[in-house]
Every structure is written in C-alpha cells, then in structure tokens.
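Asks: Listed below, chain by chain, are the residues.
There are 2 protein chains.
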Amino acid sequence: MNNYRQRNGEIWAFENAPKQELQAALAHDHCENADGYDGVVLGLDGGTTSTVCVCMPFLPFSKTLPDPLPVLARAIAGCSNHNSIGESSARDTLEDIIAEVLSKSGSNRSAVRAVCLGISGVNHPNDQERVLSWLRKIFPAHVKLYVQNDAVAALASGTMGRLHGCVLIAGTGCISYGIAEDGKEARASGVGPILGDWGSGYGIAAQALTAVIRAHDGRGPQTMLTDKILKALDLSSPDEVIGWTYADPSWARIAALVPEVVFCAEASDQVANKILLKAVQELALSVKAVVQKLGLCGEDGNGSFPVVMVGGVLKANKSWDIGKEVVKCIQEYFPGAYPVRPQVEPAVGAALLACNFLMKESKENNHS
Amino acid sequence: MNNYRQRNGEIWAFENAPKQELQAALAHDHCENADGYDGVVLGLDGGTTSTVCVCMPFLPFSKTLPDPLPVLARAIAGCSNHNSIGESSARDTLEDIIAEVLSKSGSNRSAVRAVCLGISGVNHPNDQERVLSWLRKIFPAHVKLYVQNDAVAALASGTMGRLHGCVLIAGTGCISYGIAEDGKEARASGVGPILGDWGSGYGIAAQALTAVIRAHDGRGPQTMLTDKILKALDLSSPDEVIGWTYADPSWARIAALVPEVVFCAEASDQVANKILLKAVQELALSVKAVVQKLGLCGEDGNGSFPVVMVGGVLKANKSWDIGKEVVKCIQEYFPGAYPVRPQVEPAVGAALLACNFLMKESKENNHS
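Respectively, the protein sequence lines represent chains W and X.
Per the working numbering, numbering through the first sequence is continuous, rising by one, with the last residue being 380.
Per the working numbering, numbering through the second sequence is continuous, rising by one, with the last residue being 380.
Treat the hints with caution; some may be incorrect.
No distinction is drawn between identical chains; accordingly, a pair holds when it is met within one copy or between any pair of copies.
To be verified - Okay, derived cross-link-like pairs now, DSSO-like style, lysine-lysine, Cα gap no bigger than 30 Å in a straight line:
#1 Lys196 with Lys243
#2 Lys305 with Lys243
#3 Lys327 with Lys305
#4 Lys243 with Lys336
#5 Lys327 with Lys243
#6 Lys305 with Lys286
If you're looking for bench data, these hints aren't it; they were derived computationally from the structure.
No experiment lies behind these values; they were computed from the predicted model shown.
Excised from the complex, chain W in its bound form (with noise of 0.2 Å):
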C-alpha cells in the first residue's frame, strides 16, 4: 500500500498498459461470460482491523452462480474506518486499496460497471453520502457506487449476494443486522462495550477479568479464569489485572481472551461456563429483536429465513460451541430459522451485492 502512496498521484499509472490479463485471467477461471466480456465489480469489506477488496466479472443474477466463485484479484489494507483513523486517512486507504486491486486484476476503471462497499462506522446517511462523494471523484460517471454498513456485507457472504434474513456478528463486537424482502432494515447491539454488548468478544472476557477481580477481593466464587487468565497475560497475582487492562484500551486485546474462557467452561468451570451461557442468551437475543422487527418469521411464527453466522466468537469450538449454541437458542424462538455458515468472506458478499443491485437498476430501467 505504501507504495502506492509514495507515488503520489500515480496511483492510477498502471492503466495505461494492455489489457490482456484480464481476458486471460476471465478466460482461466471458465467465467461463463469470460468470451463476451462484460466488465468487473468491486467488492469491499472495511473493518476496524483490516479492509479487504476483491475484484471479479460482473455476473448477472439471474444465472447461477458459478462455484467456485472467479475472484480476479484480491488486495488487504489496514483501517479504513473513518472513526476511527479520520477521513482523509479513510479515503486514501480506499482509494489506494481500489486502484491496487484493478492493477492486479488487470482491469481498469472504465471496466468497473458497479462497486460496492461494506464498511464499518457507516451508520447514517451522511456516512454514506461522504463515502460516495469520494468515490464520484474515483470513477467515470456510469460507475454504479453503493456504500453500506459492513454487517450488510457480512449478510450478503452467506446469502450469496441476496438481501434477505439476518446476519450475527460476533468477534471483537457483536451486532444482528437483517432485511426483509420489502427492503425493511433493522439491527440491534453493536453499541460497543459501555452500553453492554455482553455477548460480543470483548463482553465475554471482560466479564471474565471482573470475576478474577471478584474471587480475589472476596465478592465472588473462586474460578479457574485465575490461573488461565493470569499465565495467558504472564502476570502473578490479580492485583495486576487492574493495571494491565486499564494499560492500553484496546477492546481486541481483552477480547483474545475469549479461549481462556471457553478453555475454562469446557474443563466445567462454573463461573466461565456461567459467562458463556449469558453471551448466548444476550447474541440469541439481538437476533430476535431483528426478526421480530422486520417479521423474517412469518405471521405464524414458523417461516424459513437464513442466520448468517460470522465471526470468531461464533466459530466451532472443541465442545463449548457457542455458535451452535446459539442456534439452539433462536431456534427455539423462530423453528424455522436456519444458520448458513459463509463459504465466501464479506468483500465477496460485497461484490456479489454490486452485481445484485446492478441487475435490479437495469431491471427498473427496462420496466420504466
């Protein structure tokens, strides 16, 4: 990425060479419309951690998807969150990120029919007015933009582009997102750790440091989380918890100890076991305010719609599977909900929702 960068303003030199890559790159991955090309899609996940893009042929909806799916190219940059790194960092990260995925695809902007990005912090309107208008700068005009929140991203990995159902969140954070058929959006949590996402990754190992605390000054039961948790930090007694969490605020750093915990329940310790239980009810939760706001289940409570699952709080574990669990939870809400565990990572999702709204536009145009 820094390359890019140092050649301030030639970010976008590589245009200027031939283009046969791309037809040979469309014509390897048996593309169906590899011999009558039809231009490419850019999809994006944009993250607090990490930003991923992924350029691929723009594959028309109504078609089968192929499998696997033909990624052209595929670039990772760093934070591309405008709260958390500002704006002007934002939009060069992007911007650098797209331009180094057109260059490894062998593609180029005017090949681009539409982009879509999945970005984190995106919450309101005006988020995703400003994200667009640096894109207009980016692209010619015909270049279709959409920019959403990264849980739309996340949804689109599992449904394979559709927008229908509900996505679970659940790493360093947690937050439930779904869309009805209608368009109807909805979310719930993803308030961060002062309003009290208790089942994200950060809530799970928070509530585990404080019960360290608990045992120690006597306010509550003893717990192997002492001991695990101490030798994971390479600290020797409680006291120093206090120090070592305050030291730096980072949620992801309390949040990687999410293994300790699940370590801790798995050998039946009450406490931890106790903490997993309420992560649970508390992700299960969030998921039933989202169907029961957009109606995912039906009038009888009894109809089908996907759970994407996604994140590493969710991931199997050896025994205490806190994503199956989950599933068991809502399931006993919503009989009908079914969990899809996403083949493709989000930026693909993304990609797959540009060629998803691109069809839709030029169905409504056709139609008008």
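Go by the hints and put chain X onto chain W.
Replies: Showing chain X alone in chain W's frame:
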C-alpha cells in the same frame, strides 16, 4: 496555583515574612495549644478531579478534639493522581498546594510536625515511595511524612483520625476499604468500569444508558429512562446515545446521569428501580467482603464497627435513598455495623491521621 508556578522556584519566598499571623489564628480559634504553640500538621486529599489541602494545629490525640476543629487554612488544586496526569505534574500540584496552604496559614515548613497525604492512584509501596521521595525534598528531615490511598483519608474523616472500621466510597467510581485494630488492611472494588464496578455512579449510569438502547432496539422493556436521559443530554433519538457515549471517554460525564436514574426509580420505573437495587447489592457486597476478610464484626458476627459512607451516590435522595438501602443490606449481614456520615472533609481526616500517627510514633519512642 499558577501564580506559584510562574514565580518559578520562589513558591517558598513567603517563609521569610514575619510569623505573627499564625499565632493570631491559633488564638482566634481558641485552640487548646494556642498558648503553648506546638506546630502544625497538613492533611491532603488528592483525587482525580481535585486536590484539597488543610493546615491544622497539631492536636494531641490523647485529649478530646475541639469542636469545631481549628482549620488554619485550606487550599484547592486540580488532579494529583499520577496515573491521570503523569508524575511531574502530580509532584508540581502537590508542592504548589502545600506552599499555598502554608502561606495562607501564616506558617512555614519548619513549623510543620507531620504531613499526611491520601492520594488516589497510590496502591502499591512503589507509589508510596515515589511520593515520599518528593516530600522529602520539600520538608526538613524532622517532619514526619505519611502517604496513603485516598480511601484511608476518607475513613479517617468519619472516625476523626482513628484507623478502625470500613469506608465505602461511591461517587463516579466506588471502593470499599477497611482496617482492623491490628493494622491489617483490605479493599474490594475500586477497579473501574471495565472490571465491573456496577455500584459506582458510572456503573449505575452506564446500565441506564444500556437500558435505553435495549428498549430502543427491542431487546429490553420500555422505560422512562429513555425520555428522561434524552432530555438531559439534549438528544432527539436513542440512536444518538451511541455517538454521545463514545464522543468523550470521561467517566464523570456518564456518572452525572445518576440523578435521572434516581428520578425514574422514584417515579416507579421498574427498569430504573432494578438498576438501583443491583447497585445497592453490589455496594453492600464490597463492604461485606472487606469486613469478612478483616473480621471487623468479631467472632460471633455481632461486633460493633463503623461504616463510613462517602460520595455523591450515597447522599440522601428524596425517597429512593441508595445509602440508606446499602446500610440496611449491610446490617442484614452484620447487625453491629453502624453508618457514619463524616462531619469533616477527607483532607481534615488526613490531618487528624497525621496527628494520630505522630502520637503513636512518639509513644513508641518513649517506650523503647
């Protein structure tokens, strides 16, 4: 305070002026030792928000304390917690306020017999030693110096300088601290928001904000807290609470919402009521842990001991009185616990401690 710093190095210049003022002040206060002038003591309460220092005549602890206590001078400064503002600023704050209070009292450093500092952030022998080394550079060798956590000064403000019993502080943060007749100490809570000080003002308010969000996104019951808090913060929707919460990391800003929670609980809002009940249990549990560790309640559990109650959260409210409920809860565990609401400020408690420590040392020296 800035005047002292600007005169750079000259903050002790006042010591060259004549000393009649001190004698006059001592006489005016009808202090027992006004005729046989026996020097002064300094007491300091150093918090994260502000620091208070008082100068008092030395009061022999064997005699009955005069009522009201003769405070010769009082000075206020900003934060003196080295964790918050760094070591060199903390040292400057302490030296400035000590010079100011001595100058105001018409006294000087050679008249000082003992200094007792209760400072937040002083948790380990290392912290104590650092502050002591600063003080040793300020005072002549004969001055006795004592450095404690600010909870010790708060306890002494309720016990008039005696070190026995338990103190519960609940303001923005909360902590319980106790000391037994044999000098054994214990503490509970006082670990900040990440580690779950749910009985603190911050904890109460953060749970109220969480309840507003949960009601809004469908995860919790509707509550009066929504209207009350939105109005207090001048926000128009619960969505805006997220931005408000993370816009400023100050704990005190969030804790300032406690009166809204009390208001709603008094108006029978069940969500607010539940938050306050939980806070009461948490605070009582902190005291219980300390009392049990130290055996303050005696072997039969019915022994008499003071619980000094300090901080905005424990102050009497109209009808929902958190402090009163905490006392009720503590007395269910320990019938001999009796609440003490300090009549003097913690800085005066620290000054009384200085007298107490000094008396003990001279007694020990006389016996040896």
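Asks: Taking the hints in turn, state whether each one holds.
Replies: To see whether the hints hold, each was checked on the structure:
1. Lys196 with Lys243: between (48 Å within a copy, 29 Å between copies)
2. Lys305 with Lys243: between (44 Å within a copy, 26 Å between copies)
3. Lys327 with Lys305: within (27 Å within a copy, 42 Å between copies)
4. Lys243 with Lys336: within (28 Å within a copy, 41 Å between copies)
5. Lys327 with Lys243: Answer is within: at 24 Å inside a copy they meet the 30 Å cutoff, but 42 Å across does not.
6. Lys305 with Lys286: both (29 Å within a copy, 26 Å between copies)
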